[in-house]
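**Q** If you want the building blocks of each chain, they are given just below.
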Amino acid sequence: MNAFSSHRLRSVATTLAVALTLSLAAAAGCDNRRDPPLPSVLDKLRESHIDGQPRIRIGVAATEPLMGELRNGTYTGFDVEIARYIASSLGFEGDQRIEFVPLATEDRIPALQGGVADLVVSSFSMTEERKKLVSFAGPYFVTTQEVMVPNRLKDRIRTIEDLRRPEYKICTSGGSTTEAELEKHQVRALVVKRVGDCVKGIREGRYDAVSSDETILAGFLSQYPTEFEIVDMPFGTSETLGIGVPIGDPALRDLVAFFLDKSYQQGRQGLSSPWLTAYNRTLGPWMKQPKVQPQPLDVPKLVDFDDKAPTR
Amino acid sequence: MSAPAAPVTDGVGPVVASWDGSDLAERRARAAQSFWTAVVGVPAIFSVLRLGVEAGGELQTTLLLVANVGPVNLLAGFLTTAARLLSTGLVAVFALGAVLRVSVDRMPAGVRRPLFVRWMDIVPAWFVLAGFLLALVTWQLLYLPLLIPAFVAAFQLTPARLHEQWVPRLLLLAALFVGYAWLLAPTLVEAGRQGELLALLLLVAPPLLALGITGPLPAAVIRPLASVTEAAVLAMLVWAALPVISTPVLPLTVTTVEPAPGVTEDVRGHIVTVDDVNVVLLQERGGVRYVPVDQVRAQVLCPSEAELPRHRLRIRDFHVEDSLLEGMGRRVRPVHRIDAACRVVR
Numbered sequence: 001m002n003a004f005s006s007h008r009l010r011s012v013a014t015t016l017a018v019a020l021t022l023s024l025a026a027a028a029g030c031d032n033r034r035d036p037p038l039p040s041v042l043d044k045l046r047e048s049h050i051d052g053q054p055r056i057r058i059g060v061a062a063t064e065p066l067m068g069e070l071r072n073g074t075y076t077g078f079d080v081e082i083a084r085y086i087a088s089s090l091g092f093e094g095d096q097r098i099e100f101v102p103l104a105t106e107d108r109i110p111a112l113q114g115g116v117a118d119l120v121v122s123s124f125s126m127t128e129e130r131k132k133l134v135s136f137a138g139p140y141f142v143t144t145q146e147v148m149v150p151n152r153l154k155d156r157i158r159t160i161e162d163l164r165r166p167e168y169k170i171c172t173s174g175g176s177t178t179e180a181e182l183e184k185h186q187v188r189a190l191v192v193k194r195v196g197d198c199v200k201g202i203r204e205g206r207y208d209a210v211s212s213d214e215t216i217l218a219g220f221l222s223q224y225p226t227e228f229e230i231v232d233m234p235f236g237t238s239e240t241l242g243i244g245v246p247i248g249d250p251a252l253r254d255l256v257a258f259f260l261d262k263s264y265q266q267g268r269q270g271l272s273s274p275w276l277t278a279y280n281r282t283l284g285p286w287m288k289q290p291k292v293q294p295q296p297l298d299v300p301k302l303v304d305f306d307d308k309a310p311t312r
Numbered sequence: 001m002s003a004p005a006a007p008v009t010d011g012v013g014p015v016v017a018s019w020d021g022s023d024l025a026e027r028r029a030r031a032a033q034s035f036w037t038a039v040v041g042v043p044a045i046f047s048v049l050r051l052g053v054e055a056g057g058e059l060q061t062t063l064l065l066v067a068n069v070g071p072v073n074l075l076a077g078f079l080t081t082a083a084r085l086l087s088t089g090l091v092a093v094f095a096l097g098a099v100l101r102v103s104v105d106r107m108p109a110g111v112r113r114p115l116f117v118r119w120m121d122i123v124p125a126w127f128v129l130a131g132f133l134l135a136l137v138t139w140q141l142l143y144l145p146l147l148i149p150a151f152v153a154a155f156q157l158t159p160a161r162l163h164e165q166w167v168p169r170l171l172l173l174a175a176l177f178v179g180y181a182w183l184l185a186p187t188l189v190e191a192g193r194q195g196e197l198l199a200l201l202l203l204v205a206p207p208l209l210a211l212g213i214t215g216p217l218p219a220a221v222i223r224p225l226a227s228v229t230e231a232a233v234l235a236m237l238v239w240a241a242l243p244v245i246s247t248p249v250l251p252l253t254v255t256t257v258e259p260a261p262g263v264t265e266d267v268r269g270h271i272v273t274v275d276d277v278n279v280v281l282l283q284e285r286g287g288v289r290y291v292p293v294d295q296v297r298a299q300v301l302c303p304s305e306a307e308l309p310r311h312r313l314r315i316r317d318f319h320v321e322d323s324l325l326e327g328m329g330r331r332v333r334p335v336h337r338i339d340a341a342c343r344v345v346r
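Just so you know, the protein sequences line up as chains A and C, in that order. Take full-length UniProt numbering: the final residue in the first sequence is number 312, and no numbers are missing along the way. Take full-length UniProt numbering: the final residue in the second sequence is number 346, and no numbers are missing along the way.
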């Protein structure tokens, strides 16, 4: 009797095991056929407004050495290199597929709003006010505000106090965060269209100092290394530079953030990243302290073809 | 598993006692014929049929493909894309056949043995083993644990086979389970974190099921199970074959063409053939295009959308949707760059 019941128990166990294995196999088969649950890079590309465009239009600065400069018909600089990396990641490889739109500081937001540019990579500080008008992916760089003075004044302008003195004419570019920051510190500044105009003005004796992001100033310092000096002043705020995207295109913002993060992750693993290459080729030699890529914020989880590659 | 020389007997009495020798031999020969026909014929027919699908149903395009895709390329292309399906079919037949075979002695003598059992009678053990090996290297890692109960069932490996005595047997089993748990622990934690219940179940349940899967089934279950599973395996093969038939046999590329100076165009499609004059492209959206060789400026290989992963899980840095072969391949060539042209051109 005992042997019989154990025999029976065994067959019930076998039946159960066979049935469960078959159902599990069926579930596996169904799982294999369903659509990927996570959005992919390709899905986002199709959602974004750049899908199907023959060329991508990227707004950059044309007059900021080391960041974005048009020289002999070719755009160069850190922002331009980052723009090229993002463009090639989005499927626009090579300069024949990129249309660089030269933008002045104050034209960056209207260019995105008006559809003149698909992206803006132009020392664009991510601020709360701007986030109401455009979307940002990033940051891809953290910079601070500095002041650049000609050698003739380098012993006289050392502090923010010195900037407030009425005998000095301080110059900055319009629509920039620097303009607001100077105002906050009660520094009366003369506002021009481009930082380059300030530098030109100083060389011609019309202004005495220029205030802007350290990256932009480093660019002009690289042009006139014997004429200027950057003075470290405690403005206290750091600027996070981001890539501007039209506010109506969250898919494109996600893609740009995703590719910035891809570069960030490469850098963290100690590999050479597109960011590091761009930095070393442009800003790197001119910065007082070496920089690393900051971690991009709000990075979406996207599926891509190279997800299966080994991570180490 | 090798073909038994005589009808299966086991204490209860000869199962096929009513069959005379010549009848048995004839049945065996017929079963062998049907089995090998299925194993060789199905892939052959599939590989030709899919050419028609790939050509977009156009007769002339199909003929162009037939003329340019050699039989060896066709078979190799088919095996690359269908090895998984083929091994799944074989493993299902072997596992079910073996379970039914040990149970069949409970059926009244003279009853026709189920198809899978007859197949198992004639299949040599090395072929069963080869089927499992093919599955081992081609199945996605996530589904690989299912191979454990299938293997245990196909070879009827009861826990008693590990050791005759209870204590060493339990110790051996415990060691096996601890090893399995150690291998998968990080993946299981990650699956739990991501809420991937099915993945969790697929990784944990199969080894436990393997403990109970050997042994005969109750007599009442055998007949319905035999007919249902035969139909189910057939249905599964057809269902799984549809995507395989539509998987392209030619590699996907994007070709940059310059028809006039300064004007470039990207064509997404499969290269059928290249000669001195033309590159013949089967465009992804349909139609054949002859591009003069001197107008081709660049060509890149692109992944297809079906290759996008569904899960974000890894087992010891092997992606769960890779097979062992693919996973090892990725270690040989770890960097896989997607060319920009693949992203926008459609």
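Be careful, since some hints might not be right.
Unchecked claim - Chain C is faced by these chain A residues, among others (derived, beta-carbon under 8 Å):
id: 1; residue: S6
id: 2; residue: R10
id: 3; residue: L24
id: 4; residue: P36
id: 5; residue: P37
id: 6; residue: S40
id: 7; residue: L42
id: 8; residue: A62
id: 9; residue: S88
id: 10; residue: F92
id: 11; residue: E93
id: 12; residue: D95
id: 13; residue: Y224
id: 14; residue: L302
id: 15; residue: D307
id: 16; residue: A309
Since the hints were made in silico from the structure, they are not lab data. Just so it is clear, the structure is predicted and the values come from calculations on it, not from any experiment. Cβ atoms here follow ideal geometry from the backbone N, Cα and C, with glycine treated the same way.
**Q** Sort out which numbered hints this structure fails and list those numbers smallest first.
**A** 1, 8, 12, 13 and 14
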